[in-house]
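Student: Listed below are the residues making up each chain.
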Amino acid sequence: MADRILKKENLGKLVASVNDKGGRFIAPSLDARQVVFKDVTKAEEIVTDYILARNSYKEYVFPQTEVVADFTVEKHGVDLKSREVEARETVVFGARPCEATSLSSLRAIFTWDYIDEFYTKREATLVVITVACTKADEACFCTTVDLSPETRAGSDLYLLETESGDYIVEAMTDKGRAFVERHKDAFSEGAAKAKTLVMPERIGTIDLEKVSARLKDKGHYDDQVWARLTRKCIGCGACTFVCPTCHCFDITDEGTAFAGERRKNWDACQYDTFTLHASGHNPRHYQYQRWRNRFMCKFNFYPGKFASKGCVGCGRCIRVCPVRLDITEVMEEFSR
Amino acid sequence: MEEILRKKAKELLESGEVKVVIGYGWNRQKTRTSPVFITDAADSDRLVWNPLCVNNLSVYLTRKFKDIQALGKPAIVAKGCDIRNIVVLITEAQFKREDVYIIGMACEGVVYRQELWKGELKPEIMPTKCHNCDVRNPHLADFVVGGKSSFTPPEAPTGMVFDKIKAIDAMGQTGKWAFWINEFSRCIKCYACRQVCSLCYCERCITEKNMPQWIETSAHPRGNLSWNLTRAMHLVGRCTFCGECERACPVNIPLNLVNQKMIQVVKDSFDFRSGYDEKTHPPMIVFSPDDKDDFIK
Numbered sequence: 009m010a011d012r013i014l015k016k017e018n019l020g021k022l023v024a025s026v027n028d029k030g031g032r033f034i035a036p037s038l039d040a041r042q043v044v045f046k047d048v049t050k051a052e053e054i055v056t057d058y059i060l061a062r063n064s065y066k067e068y069v070f071p072q073t074e075v076v077a078d079f080t081v082e083k084h085g086v087d088l089k090s091r092e093v094e095a096r097e098t099v100v101f102g103a104r105p106c107e108a109t110s111l112s113s114l115r116a117i118f119t120w121d122y123i124d125e126f127y128t129k130r131e132a133t134l135v136v137i138t139v140a141c142t143k144a145d146e147a148c149f150c151t152t153v154d155l156s157p158e159t160r161a162g163s164d165l166y167l168l169e170t171e172s173g174d175y176i177v178e179a180m181t182d183k184g185r186a187f188v189e190r191h192k193d194a195f196s197e198g199a200a201k202a203k204t205l206v207m208p209e210r211i212g213t214i215d216l217e218k219v220s221a222r223l224k225d226k227g228h229y230d231d232q233v234w235a236r237l238t239r240k241c242i243g244c245g246a247c248t249f250v251c252p253t254c255h256c257f258d259i260t261d262e263g264t265a266f267a268g269e270r271r272k273n274w275d276a277c278q279y280d281t282f283t284l285h286a287s288g289h290n291p292r293h294y295q296y297q298r299w300r301n302r303f304m305c306k307f308n309f310y311p312g313k314f315a316s317k318g319c320v321g322c323g324r325c326i327r328v329c330p331v332r333l334d335i336t337e338v339m340e341e342f343s344r
Numbered sequence: 032m033e034e035i036l037r038k039k040a041k042e043l044l045e046s047g048e049v050k051v052v053i054g055y056g057w058n059r060q061k062t063r064t065s066p067v068f069i070t071d072a073a074d075s076d077r078l079v080w081n082p083l084c085v086n087n088l089s090v091y092l093t094r095k096f097k098d099i100q101a102l103g104k105p106a107i108v109a110k111g112c113d114i115r116n117i118v119v120l121i122t123e124a125q126f127k128r129e130d131v132y133i134i135g136m137a138c139e140g141v142v143y144r145q146e147l148w149k150g151e152l153k154p155e156i157m158p159t160k161c162h163n164c165d166v167r168n169p170h171l172a173d174f175v176v177g178g179k180s181s182f183t184p185p186e187a188p189t190g191m192v193f194d195k196i197k198a199i200d201a202m203g204q205t206g207k208w209a210f211w212i213n214e215f216s217r218c219i220k221c222y223a224c225r226q227v228c229s230l231c232y233c234e235r236c237i238t239e240k241n242m243p244q245w246i247e248t249s250a251h252p253r254g255n256l257s258w259n260l261t262r263a264m265h266l267v268g269r270c271t272f273c274g275e276c277e278r279a280c281p282v283n284i285p286l287n288l289v290n291q292k293m294i295q296v297v298k299d300s301f302d303f304r305s306g307y308d309e310k311t312h313p314p315m316i317v318f319s320p321d322d323k324d325d326f327i328k
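Chains H and G, in that order, give the protein sequences. Position one of the first sequence corresponds to residue 9 (the numbering used here), numbered consecutively onward. Position one of the second sequence corresponds to residue 32 (the numbering used here), numbered consecutively onward.
Everything labelled a hint here was simulated from the structure, so no lab data went into it. Cβ coordinates follow ideal geometry from the N, Cα and C atoms, glycine included. Be a bit skeptical, because a hint or two may be false.
Claimed, not checked - Capping the alpha-carbon separation at 30 Å, the derived lysine-lysine pairs in DSSO-like fashion look like this:
(1) Lys218/H / Lys61/G
(2) Lys83/H / Lys240/G
(3) Lys97/G / Lys226/H
(4) Lys29/H / Lys129/H
(5) Lys197/G / Lys153/G
(6) Lys240/G / Lys89/H
(7) Lys143/H / Lys149/G
(8) Lys21/H / Lys50/H
Claimed, not checked - Incomplete in silico selection of chain H near chain G, CB under 7 Å:
(9) Ala40
(10) Arg239
(11) Lys240
(12) Arg271
(13) Thr281
Claimed, not checked - Now the stretches of chain H that chain G is said to cover, found in silico as 3 or more residues with beta-carbon under 8 Å:
(14) 292–301
(15) 324–332
(16) 336–344
Based on the sequences and whatever the hints tell you, model everything.
Tutor: Next up, the structure:
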């Protein structure tokens, strides 16, 4: 049977087709010497030689800052008008299999006890086109969290690069199949040989079940191990902002005393003000306690509440950390 | 050098002179260094020293790290450039000279970013600060590890940062504005620049003061501009050009350009360079009757 192929010379056609139909095409491209997901209008802007984009594509379903309402203060009260999301087709090209699975993690939280339409409306029009990995670095650890470059979950289209730079296309979901149908001029049929995928080596000293079991046992909570391994954390939000599953946000009002916007901004559990009470008390007084929370969120709270993963092993937090705090070293400690 | 460092650390911990040694250790793969806190003399062998030791560990001496302060008197492994930050902290009364044991490392330069390391320290992977360094031999230390460096910095500072500042100065007001608005537009408000900086030690940063909200916390162009300008202004006359903020920035904002420009302005106006003398206060926090401007008299 012939494969469905996206030829590299047709990538431009696909970008144009999406743009012409009013959609956004997001792909890895160069910005300030880094490969990042951003809007592209030409195939030439797309970078193909990269491990992962610096940012996660979560910002296209959960923007870093967005206006959720407008307010005016009247004589007898406040007039608050909610904003509506007008989502349009948004195509993320070049996601990696690990981060493709993160969408189900975001969905779990944004539809859990309240349906957050700012998220769901965007997700409904998002098409995730994954390109399987032919490169990895020492920060990659997808295989350690039971994922791999062969993981297809979360992808609408799953692409394998061929030796000649084309892509073999597998449509994984109805959304993916509809996408191919809608932009069918860009796709062709043929036979091609896929490049070998690169599997990051599984870290043998890590046992996810043991990690979860130890975190469930409350005895770990005041364990000195947290301070020992993570007191070097400097408390910036870089890890949480590049993380494809971190989802915390803060609501803030901007404007004058009489009118303004209510915004939803990314927040990070690593900031000391994240849990600071109005009384002045902070239940997470030390930085390593904040770090413990992030780890707990990923390997205890998430698996306890949802069927999806809290950590997909993309390794972004390791690469971006100014003090090279490696989450896998902590996982290793909790596997003992 | 590593052996001498380890021996010294062991000695200090065994004698009880210090309770913790703040230094560098390997990550699991032994490809990157990462800060370590040695509290047990038996762990002293975890300390390493090589050109990958880029972090300015003086940040851990600040009051941002109450758990580290609670451990007791620290010894710190510090390069000359890191010691400059310690000097500023002393002049700003964050602690006294005798509150910290400085293990000064004679240094032949470090890499700009650890990921550039290919096993050899070449000039092209070193940051601008190393090419102009006048503190390769630690200027304030209780114990110095390593032999004297014979390096003499060039008379006129050289390097990419200085070249770029000249280019930006030539852009004119509109050009400069456009340049910086573009650079700051990438800011994601993660505050890594603030957190990694040993001179950003306020317990309550102005961005966290929300009655009123002085700095807009949103990562939109207005909020990004106000944050980045505020950060810069708060470091005038204090910043030592250690380069940690630029290294930590996940979106590559060239903060070294901002910082070095401020340093040049302070040098021209006050003939002051921070971090050399722990007994001289930075110009922004002193009043001098000999001030050359008369508007304040």
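Student: Broken hints, numbered, in rising order?
Tutor: none
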